[in-house]
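Residue numbers (the working numbering), protein chains in the order written: chain A, 22 to 225; chain B, 22 to 225; chain C, 1030 to 1359; chain D, 1030 to 1359.
Hints in this document: simulated from the structure, not taken from any laboratory. A portion of the hints provided could be inaccurate.
Straight-line Cα separation of at most 25 angstroms, DSS-like style, residue types lysine-lysine; simulated pairs [stated by the list, open to error]:
id, chain 1, residue 1, chain 2, residue 2
1, C, LYS1175, B, LYS194
2, C, LYS1230, D, LYS1258
3, A, LYS194, D, LYS1258
Example chain D residues on the side facing chain A (calculated, C-beta under 10 angstroms, incomplete) [said to hold, decoys possible]:
id, residue
4, SER1109
5, GLY1125
6, GLY1137
7, VAL1139
Among chain A residues calculated to face chain D with C-beta under 7 angstroms, some are [said to hold, decoys possible]:
id, residue
8, SER100
9, SER102
10, THR105
11, ARG121
12, THR122
13, ARG143
14, GLY144
None of these values were measured; they are calculated from a predicted model. For each residue, glycine too, the CB sits at the ideal point set by N, CA and C.
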Amino acid sequence: MTAMALTTETLRTAGSRLAAAADTLAPELNTLDGQIGDGDLGVTLQLATGAMAEVLLGLPDDVGLAFMQCAQAVTRAASSSFGTLLATALMSAAKATKGRTDVPWTDIPALLAGAIASIKQRGKADLGDKTVLDALEAARLATDGLDDPAAQLAAADAAIAEALEAFCGRPNKVGRARIWADRTIGLDDPGMVALKRIVESLRG
Amino acid sequence: MTAMALTTETLRTAGSRLAAAADTLAPELNTLDGQIGDGDLGVTLQLATGAMAEVLLGLPDDVGLAFMQCAQAVTRAASSSFGTLLATALMSAAKATKGRTDVPWTDIPALLAGAIASIKQRGKADLGDKTVLDALEAARLATDGLDDPAAQLAAADAAIAEALEAFCGRPNKVGRARIWADRTIGLDDPGMVALKRIVESLRG
Amino acid sequence: MKKILNEPSAYVDEMLDGLTLAHPEFYQRVAKRVIKRPDAPIKGKVGIVSGGGSGHLPVFTGYVGAGLLDACAIGNVFASPSVDDMATAIRAANGGAGVLRLYGNYGGDVMNFDMAGDIAEMEDIETTSVLVADDVASAKSDEREKRRGVAGMVYAYKIAGAAADAGLPLAEVTRLAQKAADACRTIGAGLSACTVPQAGKPTFSIGEDEMEMGLGIHGEPGVWRGKLKPADAIAEEMLGHLLADRPIRSGDRLSVLVNSLGATPPEELYILYRYIAPVLQAAGAEIVMPLVGRYATSMEMAGVSVTLCALDAELEPLLLAPASCAFWTV
Amino acid sequence: MKKILNEPSAYVDEMLDGLTLAHPEFYQRVAKRVIKRPDAPIKGKVGIVSGGGSGHLPVFTGYVGAGLLDACAIGNVFASPSVDDMATAIRAANGGAGVLRLYGNYGGDVMNFDMAGDIAEMEDIETTSVLVADDVASAKSDEREKRRGVAGMVYAYKIAGAAADAGLPLAEVTRLAQKAADACRTIGAGLSACTVPQAGKPTFSIGEDEMEMGLGIHGEPGVWRGKLKPADAIAEEMLGHLLADRPIRSGDRLSVLVNSLGATPPEELYILYRYIAPVLQAAGAEIVMPLVGRYATSMEMAGVSVTLCALDAELEPLLLAPASCAFWTV
Ligand SMILES: Nc1ncnc2c1ncn2[C@@H]1O[C@H](COP(=O)(O)OP(=O)(O)O)[C@@H](O)[C@H]1O
Ligand SMILES: Nc1ncnc2c1ncn2[C@@H]1O[C@H](COP(=O)(O)OP(=O)(O)O)[C@@H](O)[C@H]1O
Ligand SMILES: [Mg+2]
Ligand SMILES: [Mg+2]
Ligand SMILES: [Mg+2]
Ligand SMILES: [Mg+2]
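Chain A with its partners taken away, still in its complex shape:
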């Protein structure tokens, strides 16, 4: 993660780290999701990262096309909300980086902004609804102005932790959990926790 810019190689490293971590992360995420949803979030993460892992070696140098192949791998494997939203984020990154082989680290907040916008549209959710969106937004704000990947990951990690704390006492407003909104007060949103674990895994 000390390269000068985000390249396809960055995606390979990140992808294999996530795939390696997924089995360890899954039980916690399944349990969290089971309390308010259908308990498949850990499985979804395993399926998504496993499918990505299979395409990593063959990814093209065009970062945009590489993101696109990752997105397609996820759509094949993971059909629960989190998988679809992950694929949506990857597709938005694909559109934003198409034709480039090097993406400067300072572009990360903009890529996150693009992902947030696409996910909002896809999932018809807003910031504040206590979803993975709120964790992404925290990461976007925290990485703004930073140009080193390690610093960005550290800042995102801390910011998501704060967001989790801030949202814990509030109700979930979208997804499966919506129906039981009141029962979600005092519980962390599983998707936000998933993003925290992803960032932690990428930090290594």
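Position chains B, C and D with the ligands against the provided structure of chain A, taking the given hints into account.
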């Protein structure tokens, strides 16, 4: 029952006695049938005698036609084996007495013999299978040679009691009870008991 | 008792009310417990009647329809119809060319239908009778005539119905119905019991992880009861019983019916069919018009039956001929 | 878990194996989890695709057929199909005249089908989408768009399929599908739960004498849970909910679907229909093509749903037009 011969009036008296007795007899017969069959024998007797009761007043003087109307009433109302066999017996009596308004009491054993033959054919059972047939056969033998209805009923009653005792320790060989033949050893056949109760009711 | 009903004693009559209200184009009430095709009796066509206890829809009444039954007498749940209703059904089916009584081999039904036949005879209606006795679990093959009639009934109805539709005379329709009945072998397997409304409690009890191989459609006891097996093992054993009774000959043309006894969903039937079809094909049979669904049931009983019907050049076109009722269109 | 299956993880794939083996004339596998009509894509005809979780047969895949769906993507039991399979289904249905995505309103399905639509768009396939949201128990009438999609789906499939068959362009097929979806109101009532194979235990538990009014086809909670009522009281309350949402206007022509959620036998459905039909007629409606049976299910769940579909001069002929799949022939 002290008339000179069996007439339609005899059928009316007998029919209404049975209808009156059926509700009292039903529980015992249901319970007996429930031990080895489907527990509907008492209900069947109620349905059959109830349906006969409705046609009694309008019965024609032709004893054969009167028997036939009784048989048809039973076929309308009672579709369990005992009902069908009762209707079969009544139909055989109908055929034997058609065109007559007076049937001498000495014809009773022959009528019983006719009923036994028809039931055998209808139900594909034999004497000795521990069914209502064995009770009818006992009654046929006992009434042979007698020409007074009261004496005939008394003799039939005693003979059926003996038959019940003789068959109690043997297994049922036809009907629903056949599948559980061994479980029927030591139990009275419900259909034989039903005939005993019918004779008792006719004796008054 | 977990059923949607009003008075248990009204179950059958209210069911028939709904059936005839919903599908007047198929079912017409002739008497409280007798249903006929609206166009029956059809002049010059052999009539086909059936009958039996309620609780098996589409069997028996559901199969009244073009190319199938002309009329049907309906009993209480799992009980024989009355002789009187059977006679009424025969009359309703009689278009002057005689009537075939085609039904399952149950003692009460047989006595009553025989008696109804006698009554019809007194009225100068010519009748014949064919009993369906296809349940291989209910008697050994040297006592085939003692077997219970189960889902094979559907093939007998279809083939006899097509024969009558084709204008064949009573003797021919009867011969073909008998041939169809003889061509069928069925075995059932149950996972749960069902409840006769007027009894109010299940007909038998079975453990949470148990199944019963060979059980009848009224819950009659089967070959063994034990731990629930995987689908492929169940299918393998069922086929074993069927093929022991009538082995496959190379070149055989078979129809297969994978039937739900009620609660078992089509998903599970297809899982079974997936195993069954290749086994039959590997043994040299060609499968003709496979049927997968609910064709002969026991209300909410969970379980399945598998029927093999061995066809020949005479039976196959009759099976494939058009027919329609509210439950089945060919 | 009392089900006939092999590995729970193989449930869906083995079910599809069996389905396509049994009915190759209706269903062809395009991918592991994508089924199409053998003759799809049909050049110049608007394609109709659907998709959703397994465990609801005939919904969704079962309705692939002439005059119905062109292709369908299949998810695990009660789970959304993948975006990839949905995109494959869209391609398989695309005969050059565009493709309508017609499916039930569930969050995951909506996100995935939207994304599949984006993919199709990148491939220059024109698509539209119509969501079926007919379950009146799942949201008030001022939030109709939030309602879950249940058995009303069947009417939307039938009507959209007939519109596409008639050669209408995508915009028209889409408008008519939306009109059909809007014309439907459904309410369910459950008596027992069902078991998702991979979960291995029932989705919820309910007392031996209890029912749940308004429950969804995945066992989503309903309006109330309480003691099981008589059939007529259940029917009365269900109609009450439906008619409160859309009162009957004199001269209305309605189709009614009395649907079993799985284990509930047709006998009970007819008992309900017997109550429902006269009530609708007394209120001034004429009943058109009543449907009674298993059209949208939840495996072995006991329970029913009632759907009313309000027809007009445009929808009625489309509902009555011929169609066929392995589960339904019109
Ligand atoms: N519409 C949505 N918009 C944004 N995030 C969502 C949405 N729906 C679900 N999520 C996120 O996904 C997480 C659940 O993912 P997952 O278990 O895959 O969903 P499901 O199994 O309900 O389809 C939630 O905790 C939430 O963070
Ligand atoms: N085939 C038969 N032949 C002679 N008697 C029979 C036959 N079947 C039954 N029975 C008599 O009828 C009695 C049972 O009558 P019922 O309860 O009406 O039968 P089911 O309910 O089994 O149809 C038996 O106890 C026996 O006496
Ligand atoms: Mg989840
Ligand atoms: Mg999920
Ligand atoms: Mg009995
Ligand atoms: Mg009986």
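Going through the hints against the structure:
With a C-alpha separation of about 14 angstroms, the suggested pair LYS1175/C and LYS194/B falls inside the 25 angstroms cut-off, and the hint holds. Taken as a hint, the LYS1230/C and LYS1258/D pair is honoured in the structure, with Cα atoms around 17 angstroms apart against an allowance of 25 angstroms. Taking the CA atoms of LYS194/A and LYS1258/D, the gap is about 35 angstroms. The hint is violated against a cut of 25 angstroms. With 10 angstroms as the threshold, the beta carbon of SER1109/D comes within range of chain A, its nearest partner Cβ sitting at about 5 angstroms, so the hint holds.
Nearest Cβ of chain A to the Cβ of GLY1125/D: about 24 angstroms, over the 10 angstroms cut. The hint is violated. With a least beta-carbon distance of about 5 angstroms to chain A, the hint placing GLY1137/D at the interface is held under the 10 angstroms criterion. Interface restraint check for VAL1139/D: the shortest CB-CB distance to chain A comes to about 8 angstroms, inside 10 angstroms, so the restraint holds. Evaluation of the SER100/A hint against chain D yields a held restraint, the C-beta minimum of about 4 angstroms falling below 7 angstroms.
Of the supplied interface hints, the one on SER102/A holds, with its beta-carbon coming within about 5 angstroms of a beta-carbon of chain D, less than 7 angstroms. At its closest, the beta carbon of THR105/A sits 5 angstroms from a beta carbon of chain D; the interface hint therefore holds under the 7 angstroms criterion. Annotation: interface hint on ARG121/A violated; nearest CB of chain D at approximately 19 angstroms, more than 7 angstroms. Taking 7 angstroms as the C-beta contact cut-off toward chain D, the hint placing THR122/A at the interface is violated, the least distance being around 22 angstroms.
Using the Cβ-Cβ criterion of 7 angstroms, the hint placing ARG143/A at the interface with chain D is satisfied: the shortest such distance is roughly 5 angstroms. With a least beta-carbon distance of about 6 angstroms to chain D, the hint placing GLY144/A at the interface is held under the 7 angstroms criterion.
Comparing the model with each numbered hint stated earlier shows that hints 3, 5, 11, 12 do not hold.
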